[in-house]
Amino acid sequence: MSTTLPAPAALAAGFRAILGPDRVLDGAVERDLYSRDGLVTDGDCALVLLPETAAEVSGCLREAARLGLAVVPRGSGTGLTGAAVPLEGGVVVSLARMRRIGEVDVANGCVWVEPGVLNLDVSAAVAHLGLHYAPDPSSQAACSIGGNVGTNAGGPHCLAAGVTVQHVLGMEIVLPDGEVLVLGGPAPDPPGYDLRGVVVGAEGTVGVVTRVCLRLSPLPPAVRTVLLDFATTAEAGSTVGGIIAAGVVPAAIEMMDTGMIVAVEAFTHAGLPTDAAAVVLVEVDGSPAQVEAQMAVVERVAREQGVRQVRVARDEAERALLWKARKSAFGAVARIRPNSYLHDCVVPRTRLVEVLHEIQRIGREHDLLIVNVFHAGDGNLHPLIAYDRRDPEEVARVLAAGDAIVELCLSVGGVLSGEHGIGIEKRDAMALAFSPTDLAAQACVRAAFDPAGRMNPGKVLPAGSRCGEAALAGREVHVPDGAWI
Amino acid sequence: MDLTPRSPDAVAAALARASRDGLTVDPRGGGTKSRRGLPGSAGTVLSTAGLTRVVDHAPGDMTLTVEAGLPVAEVAALTARDGQWWPQAEERPGATVGGVLAAAASARGRLRHGPVRDSLLEVVLATGDGRLVKGGGRTVKGVAGYDLPRLVCGSLGTLGVIVQVTLKLWPRPAESGWYCAEATAAEAAALAARVMAETYRPASVVLTPQALWVALEGAAADVAPPAGMAASEAPPGLAGAGIVECGVPPARLADLVAGLAADGRDYEAWAGVGTCLVAVATAGDVAAVRERALALDGHAQVVDGPPGLRADPFGPPPPGLAIMRRLKRAFDPAGVMSPGRFVGDVQEVAA
Ligand SMILES: Cc1cc2nc3c(=O)[nH]c(=O)nc-3n(C[C@H](O)[C@H](O)[C@H](O)COP(=O)(O)OP(=O)(O)OC[C@H]3O[C@@H](n4cnc5c(N)ncnc54)[C@H](O)[C@@H]3O)c2cc1C
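Taken in sequence, the protein lines are chains A and B.
Take the first sequence: its letter number 215 is residue 215 in this note's numbering, and every next letter is one higher.
To convert, count from 1 in the second sequence and add 1000; that's this note's numbering.
Simulated from the structure, these hints should not be mistaken for lab results.
C-beta atoms are modelled at their ideal positions from N, C-alpha and C, and glycine is treated no differently.
Any given hint could be a false lead.
[As the list claims (entries may be wrong)] Covered by chain B, per the in silico footprint, the following chain A stretches (three or more residues, Cβ under 8 Å):
(1) 152 to 161
(2) 193 to 207
(3) 224 to 236
(4) 340 to 348
(5) 403 to 417
(6) 422 to 436
[Stated by the list, open to error] Calculated from the model, a selection of chain A residues having no Cβ within reach of chain B, i.e. all distances over 10 Å:
(7) 66
(8) 77
(9) 142
(10) 183
(11) 185
(12) 189
(13) 269
(14) 275
(15) 277
(16) 304
(17) 328
(18) 365
(19) 441
(20) 446
(21) 457
Only chain A is shown next, with the shape it has when bound in the complex (with noise of 0.2 Å):
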């Protein structure tokens, strides 16, 4: 439980001026529901704000400034690493009401849309103009866009058509003093730094963003699916390798280990082997002739590595029966235990088998159940382990193995995180990961955007890590006549 104080009445006033009574809430009850996400931490809400319009949350912020809250953006909660989750009695300025699809512009290839809407919305609205939304994250039918941009989210599908960034070609922001900016569209390479990039990931500490122009891409004339059944995780990971080597990057490749197929098989009945130590699911899309080739080698590496069956999609039915069993795997999971902690970092994918078997000995070493989803293509894992959040002591166990997973990660030269972010859950691990001064220059980008420090405080960067005062403080910059910079 959080400890949430009420709310002083006075605190709330400001921002009802601006909202109406109803979109400003601060009862008990709403704070508490606010003052989480799908970490397992807890925060601290003063006041929920439902704002409808970018001026409203400019108001919003002029209002929090004034009264030097701190303000915490928030999609639809789904994040794991606690990026939504206010301390210190913030206010949580929730974008779930701007849903708005603006008119999609097909001839740019893009369309502008509010920070609220669903990412699945956005390839359905756009589907029947043969286009879609490339990015995919598993909880896609339920994460926001705005939540999207901020944790630069990823999927299955982000293997060859690239990761939320590469997919947002502008946005609207309100900084922390209530100053409006359109940054990037659809006009390429803009002048001056590319700060559109630096929002995207930035975890909602740079500003709120109320709308966003994304790219969306043509739907690929051919797609074939295909599911690959192995006896060890070595095979597995050997073919995932060797069709990469073989210069294929499929749409997308997944990975299964034997505990998450028995999960996900009991939960949809897909007709998964639950004997397999491991399946891969790989998908490759393109032209006819580029699909036929790109199967092709897939089959070649798999039989080369003694898949044991080769199950090819026969129709879109199947297609989505398959896919539905890799995105439905947290909630098959939950069948298990009650709870479950995703975890999320990346290694060289020549290191995958080695890292799997050792994340089974961290299993094991803390007498948990670890088991395996995993984006096989590009080396980002996913081990979820299943507990039970009453029990204290596993609950100590399940963290000390996260520790132990970071660790391991790192150690191969892996990174911190693929697609969830860092937020509050590695926070700390960043030390792990850069040094001081790297910390300290990540600090200043933040403060470009929010000299206050007031937006979404204690995410992202480790406690202590400043922007050098030296930088911040110093002297004017010299501009000679005519220059910008």
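Starting from the structure of chain A, add chain B with the ligand where the hints point.
Same frame as chain A, now just chain B with the ligand:
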């Protein structure tokens, strides 16, 4: 005085000294992008020619870590051995990895492969005040912390010197080819629209005043001349006393090209991307081209040319200038890095 440091540490030491002594510094790779920015503000040239180590080449992980002075051509030769390449980088004779990234110079295949900033996984930057700062991560995917690589890409040496980078590699396509059809500007635009509608993910669709050029890549069956086009070489590079690079929303490119053709200009326009390179000879040309780009919700920058063409190389400053200035101050507190590289309207600065 020129500098050619032999290691990232030596670059950092040189910049720390420059900041202390107030000496301005211009980083230089191959020098292919040096005729840029406000003339007359150049300082000491810091060459990256001494930074050419291959730090880590992992074909199985499709990553390559190199020092920034390595020529792009050497990256091409090195990665070709494993059937891979770095498709997003513009390849000009002499261009270096650091120079291409600092200028965010994307290849003609951008329509298919995306901009060059998508390929930069990790960067080590020697900041203006002599710190070595690392950002991003070496794996092909990662979201750990603020995206320093994207900030540095396109920063034109104004934040520091890019000393080392990790690049994301791709398999080379099985087949690739260029096709060409002679066409007037209007015919080329119509043909381009047809090719874009009928071809799935072409690599490039390039309009010039006399022709349309198309590059295709992929399986052998997909690399065949589109109707009305014949196999050809790649289009020749645009020549002119100076070059202006326009960026407009892709849907406005046909309008831009029609206007440029009416003005009798030479250009190279990238359909589906919205980039258009225009040859210019006078400051008046620069202003006229920019006016057309601005009227189409775009922008125009002088990316190459003698000092006479660079009195106003960037046009109106972009939104977020206050943030950009704070970033500049944080990475280069003494203001020694490439002053005058991001140049705009005097009035705006005074305001
Ligand atoms: C079952 C399950 C599966 C998942 N699978 C994936 C996956 O495959 N890939 C993946 O990447 N993630 C996955 N996630 C994690 C999560 O869904 C993503 O991180 C998603 O992008 C979060 O979106 P959200 O709308 O829930 O954002 P929230 O959790 O509400 O917020 C996330 C971050 O974005 C910021 N933010 C939100 N809106 C804005 C805004 N308008 N302006 C500025 N900042 C904002 C918040 O402050 C916070 O820092 C999964 C989660 C679950 C529960």
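Going through the hints against the structure:
1. 152 to 161: holds (count 3)
2. 193 to 207: holds (count 8)
3. 224 to 236: Three-residue rule not met by the stretch 224 to 236 of chain A, so violated; n is 0.
4. 340 to 348: Per the Cβ count (3), the hint holds.
5. 403 to 417: holds (count 5)
6. 422 to 436: Since three or more residues must qualify, the claim that chain B covers the stretch 422 to 436 of chain A holds, with 6 doing so at under 8 Å.
7. 66: Holds, since 20 Å exceeds 10 Å.
8. 77: holds (18 Å)
9. 142: Correct as stated: the minimum Cβ-Cβ distance to chain B is 19 Å, above 10 Å.
10. 183: violated (6 Å)
11. 185: It is violated; residue 185(A) is separated from chain B by about 7 Å at its closest Cβ, not greater than 10 Å.
12. 189: violated (5 Å)
13. 269: Consistent with the label, residue 269(A) stays out of reach of chain B, its closest Cβ about 31 Å off (over 10 Å).
14. 275: holds (30 Å)
15. 277: Answer for residue 277(A): holds, closest chain B Cβ roughly 22 Å.
16. 304: Holds, because the least Cβ-Cβ distance between residue 304(A) and chain B comes to about 16 Å, which exceeds 10 Å.
17. 328: At roughly 23 Å from the nearest Cβ of chain B, residue 328(A) sits farther out than 10 Å, so the non-interface label holds.
18. 365: holds (25 Å)
19. 441: The claim breaks: residue 441(A) does not keep its Cβ more than 10 Å from every Cβ of chain B (closest is about 4 Å).
20. 446: violated (6 Å)
21. 457: The assertion about residue 457(A) holds, with a minimum of 15 Å to chain B.
When each numbered hint is compared with the structure, violations occur for hints 3, 10, 11, 12, 19 and 20.
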